[in-house]
Amino acid sequence: MSKNGQGLLEVLKGQESDLLADWIKEQSGVAPRRGASIRESEVRDQCKEFLGLFQSAIRDGGADDIQGPRWGGVRELLSNLSRTRGLQGFSPSETASFVFSLKKPLFTRLGRAHAKDAEGLAEATWSANQLLDSLGLYTTEVHQKAREEVISRQQQEMLELSTPVVKLWEGILALPMIGTLDSARTQVVMESLLQRIVETGSNIAIIDITGVPTVDTLTAQHLLKTVTAARLMGAECIISGIRPQIAQTIVHLGVDLGDVTTKASLADAFAIALERTGRGVRKVRAGS
Amino acid sequence: MERIPILKMGDFLIVTIQVDMHDRLVTTLQDDLTSMISSHGSHGVLIDISSLDMVDSFIGRMIGNIAGMSRVLDAETVVVGMRPAVAITLVELGLSLDGVRTALDVEKGMILLRASTRRRLTEEDEDGRDEG
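Protein chains in written order, with the numbering used here: chain A, 1 to 288; chain B, 1 to 132.
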């Protein structure tokens, strides 16, 4: 293996600038980029840095294990590269082609170096191939991981965005729920509602489910949990915004909403909340 | 031995739980409270648990039991100041404390107690008038 690594290294060192030029040409040929363009000078810098690190990694650690500490520099370069390219909108295969496009110019040169030695050529090609494959796969992995991070961050943001607790009046809170209710969201909703109840000292909380697309037994259970928790703290809950279909579903499913007050619209719920806190709305002058 | 103090305020009794509850303490509290209710003829009990930041099923059941005992002795129980985390825990444990009235703080709890005893007194008056 070290012999092959040696051969690879000689090729890399001897014809570096030549190889670099070919590699860049190869890359500009691959995959026409839609919108997500990258400057050629940047590509050149990245390629040059990669070749430098690649050489020193082979020299120090051999071509065996890219997870080893010797390959740390190369790995870091590749993960930075695939992260930035991922954010620029490159697809995983476009990102991986950065590494894979090195194959052609490299193998051509290996072939020339081992012109008389078929067995040596096969071996050198095989080891270089393996190495580049694992590096290419590594970029894909990082690319995917970066995407997953973006997705999970967005999920978190959505979770925070979609559960505002608003104060309608002194002692009356409203919680307009939007989107599907699952266990994780219910937990967040419950916590923020109870926290606000404590902060504002509100007696009544209106949970508006106009924005909840479907209600199944699980969702109903989550809602009831929130209502019970609020009741335990001394606040009363009113559920509003129940659409006709949802009312039918609730009855068909046999969900028992118990003694929870339910109203068709937020306005009705607000009216009853005002009444319960000893207030009312009256017209001050004849309007249109 | 440590005990939880029970304060008498007019017609009502006030219990503030500020330490971690354990079995012995709870039995003592139940003994003290029931004997206080019967000796003073109290109509309402207010339990403040705003300093309680950890509950288990035992404490949950204990609160329910105290409420039940007071009701048997003709006193209303109001639990006040439950923290969000405690409320969530009790719900997850499946203890919804049915039959226990709750309020956000001591002040609101007192208003609730007064209202319910007043209602009861007027009802009694009306009953008396009907009979007379």
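Quick caveat, the hints were computed from the structure, so don't treat them as lab data. Mixed in with the good hints there might be a few duds.
[To be verified] Chain B is faced by these chain A residues, among others (derived, beta-carbon under 7 Å):
1) Gly-120
2) Leu-194
3) Gly-201
4) Lys-225
5) Leu-232
Since the structure is predicted, the reported quantities are computational estimates derived from the model, not experimental observations. Glycine is no exception: its CB is placed at the ideal position from the N, C-alpha and C atoms.
Report task. Give me the numbers of the hints this structure contradicts, sorted from smallest to largest. Result -> 1
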